[in-house]
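Engineer: Letter by letter, the chains look like this.
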Amino acid sequence: MKRIILALAALATFSASAQLDRSIRPSAAEPRVPTIAPYTQFTLKNGMTVLVVEDHKLPRVSVGLSMDPGQLYEGEIAGVSSLTGDLLSEGTTLRDKASLDEAVDYIGARLRTGPTGVNTSGLSKYADQLFSIAAEVATKPAFPASSFDKLKNQFISSLKNERDNPGSIRGNVSRALLYGTNHPAGELVTEATVNNVTLKDCQTFYKTYWKPNIATLVIVGDISVDQARQLAETHFGGWKGKFKKEVTYPAPAKQANTRIVLVNRDASVQSSITVTNTMHLTVGHPDAEAMAVMNQVLGAGSAGRLFQNLREDKAYTYGAYSSYGTSKYTSSFSAEAEVRNAVTDSAVAEFLYELNRIRTEPISAEDLRAAKNNLSGSFGRSLENPATVARFATNIQEYGLSADYYNNYLKRLEAVTVADVQRVAKTYIEEGQYLIVIVGKALDIAPGLQRLGFPIEYYTLDAEPTTAPVAKVPAGLTAQKVIDAAFAAMGGREAIEGVETIDITQEASLMGMTLNFHSVYAAPNYIFSEQKTPMGGSVKKYNGQKVVVQANGQDVPVDEATAQDVINDSWCTELLLSGGEGGNAVLSEAPATVNDAVCYELVVTLGSNEVKRYYDAKTGLCVRQSQVAETPQGEQVINVDFGDYQTVDGVKLPFVTTVPLQPGMNLEVKTTKVVVNGEVDMNIFN
Amino acid sequence: MKQYALLLAACTLGYSAQAQIAFEEYDLENGLHVILHQDNSTPIVAVSVLYHVGSKNEETNRTGFAHFFEHLLFEGSENIGRGEYMKLIQANGGTLNANTMQDRTFYYEILPSNNLELGLWMEAERMLHAKVDQTGVETQREVVKEEKRMRVDNQPYGSWSAEMFKRAFPDHPYNWAVIGSMDDLNAAQTEDYVNFYKKYYNPNNATLSIAGDIDPVQAKAWIEKYFGTIAAGEPVVHPSKYASALTGEIQDTIFDNIQIPAIFAGYRMPGQADKDAYALQMLTTALSDGPSSRLSKRLVDQDQSALQVVAFPYALEDHGIFITLALTNGDHGTAEVLGTMDEEIARMQSELLSEKEFEKVLNKVEADFITQNGSVSGIAESLANYHVYFGDANLINTEIERYRAVTREDIQRVAQTYLQPSNRVVLTYLPKPSANPSVE
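Chains as they are written, first to last, in this note's numbering: chain A, 7 to 692; chain D, 4 to 443.
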């Protein structure tokens, strides 16, 4: 049973409300079908298309001119189109920028210019000025050299800004890898390419693409068709020129296999994820409505499966969505979310699960109904904005759709079936060929992502392949600081230096046998260590002068290396060593990971042996000692792990020690009793 | 010259009469304020409820609670199961959302107009008997943390408003950010939810604003049916508006994950309904609205020391902050940019705007005002805001008169009164010194 936190019905109602049964959900009244406002289309003698949508609700009008030259590849001078667009509002041959700005601002209007378009909007009483400004900017730009340098610097500054925005980084890298940087849809604008652009390049760009025969003028708002026609003729009728050759580019190659591309951003506290593939769906394609329904069910909004799963169920993210492009050219499908670092791999797994599910399982009739209602509602809402009709008109022209294409939209939507939805999911979502781009803190998220089983490639912000980032320990950290931290974590140097003796009893279990250990340590460096097993026992001891090793009660010869090993025995060396041990310890530059914990590595030379010790970066405690040993299988790294630290008489000691016996087989030794500073019979060390 | 002046005068006169937003408003017996605007041109309707509670009503050890609570009120109700709220609206062709600010929490749906009754029923469910279980609390707490990571922690300059308000309001609840403290959210107890709901989610603390394709008679009947029997709560007591004045310039540097240094200077200003707020709004228009505005022209075009410069009044109910901010360009430093902004502000203080510039500002303000009511959802929200914050919903039609009453002298006076260094917080955003990967 879920605990109810808030349920205040009884407190908050009048008794009279018993009359109203609130469990009855209101049903919908008779719907009113939204109507699409008419528009008028005509062509000027110079070939420019004009679309007019009258809407007199508010006394405002917008005038938008746009060219359609097809896809543009800018190559070495990528950024030329943006700069050209910006330059257009920097003054005309009739007036400089300051006068132009003044003219626009004085009537409370807005002017926006872009690579292949210009838009003015404002009060309809200024319709004449809005047309004349748009035409002046579009047909008589001045291209002042002084502005060019200014815009270039600003452009470079803004590119810099994008380099810290995870969303921009993800967008750039996924475009570059989906379409290829040698393709119009995938090329990247960089500081270098912007620096290559000259003023002349911008003028050439303008002269090539700003031509009336590929221009559409869209007029929306409080204006009559007659007035719009007259103003269009007056201001654009004399514009001459012809754009001839549209360059076509081959469709980009598909991904061969799903791959993960990781773009490292150290500062990230969230991973920005996209799972994407290229696709091609033109406006007006027979699959258009089924695709819209599919995407609605999958992830268009908060009712979508992605949002419901990744946010409402798992709480991985603030929002998870899917989207796709409809275009003349290759576009893409993508599913996206920003999730906290720790759940990055899980979030990718959920994306893959939902994408697979929509492809392989038919959606329910209820889902189908809800998605259709959602889409028809959204269609109805969009018609409140007169710009929507203008967009419909533009699409009808651009894609050669029938005049009643949008009037029949709801009918086509209604006809979509469950099978259609599954078919388009299979067609446009390409399982096994995903590009998964993740912008995030690679050191944190890469280990988890590796478990997903896809190749992980590292890329720079500029979509160039790179190597995995190498972690470094924090600047200023030293071996001595690591050791100091370990002492502090174990109870403080004073407490540890106050340890005169320790008596430890341990046991372990091996293939049904119980092994018993008893170790006694006394300051300064006396050691007694006894093992008892059903197979026999052994004893090692050191009294500060001599190492003795016994097996089954018999002394065995001790060579120098063995003697050193006994003296170095285990963590207690660490414990009982004081101050100077930092002297020969060297802190490794890279942190290490031990049992999923980030650790600092110290390399310590003990006599002729080199030992590595690992200190948990968070707790400060020593969690592993590692050493290369000669074995019958050759040289092997022997890792002894320390865990389950518990405090005994003010000193923190590991209660579990894990010792490797052979590859894949560890012995877990558990402490059952510890006595600190108890009475010790010093004879046992002899 | 004379002719020119005449032409200008013509420009500020005789705007075609703006379409009036007709509406009616009334109170239910339980104190719920209802505003209705009928517009049948598109078959959609916006249903909104504004609760007059925001982050300023939070306890100091429960910051972020109002916003967190907004998330929880999508969980369900006595008659709407967990997770159903969002789906139900959308499966009926609607869209929905909500937002929380310092002074209010605002919920809305935009529905096909034949589903008005559904929207009313659902908002009444939310007001009367919302239901939240432990799973919902745990889930939404994590979701809110992700929201904060996305909007603040992982966003260049994302912390600026929190950093600004923290310093500008040491002893007023605007001190903390709406998103609040995650520790506070972790500490929330069952009684916090119950008390908050009981205290603030009452009809007498709410405004139901509806705009769109409605039959007012039918709408009123449904409103009475679903909201009429919800009991009134205790009158809400808002925290004291008192905020001590800043006693000197506060300067700080924030190191962020950014590439471009930026400067944020915020001056304390009065609340949005204050007469001076209008003059300050016009002052920001003169400073940064449009490419011919003073700061844009000077810093972006002329000196080219800034990539972007913005001034705007962050005006809230009790008080506000007059924000000026700039992203530096190229090698120009933040000190230089701040100095130039100060020069431009000093000019505002020492000289009146010219007649022409003043007309330009008024034209801009009028154009924005006249063209603002383009959607029924925007109209519903504006009506509710005007009613709650200004006590007059009809300002949707008449507020422009308040701007027209502002004189050039007023603009100069507010520049002198409020835009003083001793009344401001200056935050310098600089790139974090080292971006080397490190673990800790």
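A few of these clues could be false.
[Stated by the list, open to error] Computed from the model, here is a short list of chain D residues facing chain A with C-beta under 10 angstroms:
#, residue
1, N118
2, K151
3, K169
4, I253
5, T256
6, I261
7, E362
[Said to hold, decoys possible] With a cut-off of at most 25 angstroms between alpha-carbon atoms, the simulated DSS-like pairs for lysine-lysine come out as follows:
#, chain 1, residue 1, chain 2, residue 2
8, A, K166, D, K359
9, A, K447, D, K202
10, A, K320, D, K435
11, A, K103, D, K148
12, D, K202, A, K624
13, A, K158, D, K359
[What the hints assert, rightly or not] Calculated Cβ distances over 12 angstroms to all of chain D for the following chain A residues:
#, residue
14, G81
15, G123
16, K213
17, H286
18, E503
It is worth saying that the hints were derived from the structure and are not from the lab. Computed from a predicted structure; not experimentally measured. Even glycine gets a Cβ: it sits at the ideal position worked out from N, Cα and C.
Engineer: Now look at each hint and say whether the structure bears it out.
Structural biologist: Do the hints match the structure? See the list:
Here the hint on N118/D is kept, as its CB sits about 5 angstroms from the closest CB of chain A, short of 10 angstroms. Interface restraint check for K151/D: the shortest CB-CB distance to chain A comes to about 9 angstroms, inside 10 angstroms, so the restraint holds. With 10 angstroms as the threshold, the beta carbon of K169/D stays out of range of chain A, its nearest partner Cβ sitting at about 20 angstroms, so the hint is violated. Hint on I253/D is violated. Least Cβ distance to chain A is approximately 26 angstroms, over the 10 angstroms limit.
Interface hint status for T256/D: violated, as the beta-carbon distance to the closest one in chain A is roughly 17 angstroms, over 10 angstroms. Using the Cβ-Cβ criterion of 10 angstroms, the hint placing I261/D at the interface with chain A is satisfied: the shortest such distance is roughly 5 angstroms. Given hint, E362/D at the interface with chain A, holds; its Cβ is 8 angstroms from that chain's nearest Cβ, closer than 10 angstroms. Only pairs whose Cα atoms come within 25 angstroms are accepted, and K166/A paired with K359/D is rejected, the gap being roughly 38 angstroms.
For a cut-off of 25 angstroms, the pair hint linking K447/A to K202/D is broken: about 43 angstroms separates their Cα positions. With a C-alpha separation of about 33 angstroms, the suggested pairing of K320/A with K435/D is violated against the 25 angstroms cut-off. Annotation: proposed proximity of K103/A to K148/D is violated, straight-line Cα distance about 46 angstroms (limit 25 angstroms). For the suggested pair K202/D and K624/A, the alpha carbons sit about 43 angstroms apart, so the restraint of at most 25 angstroms is broken.
At most 25 angstroms may separate the alpha-carbon atoms for a hinted pair to count; K158/A and K359/D exceed this at roughly 32 angstroms. With 12 angstroms as the threshold on Cβ separation, the claim that G81/A sits away from chain D holds: the shortest Cβ distance comes to roughly 26 angstroms. At the 12 angstroms boundary, the C-beta of G123/A stays outside the reach of chain D, the nearest C-beta of that chain being 18 angstroms off. No Cβ of chain D approaches the Cβ of K213/A within 12 angstroms, the least distance being about 25 angstroms, so the stated non-interface status holds.
Annotated as non-interface, H286/A keeps its C-beta farther than 12 angstroms from every C-beta of chain D; the closest such distance is 29 angstroms. Every CB of chain D is more than 12 angstroms from the CB of E503/A (nearest about 28 angstroms), matching its label as outside the interface.
Going through the hint list in order, the structure does not satisfy hints 3, 4, 5, 8, 9, 10, 11, 12, 13.
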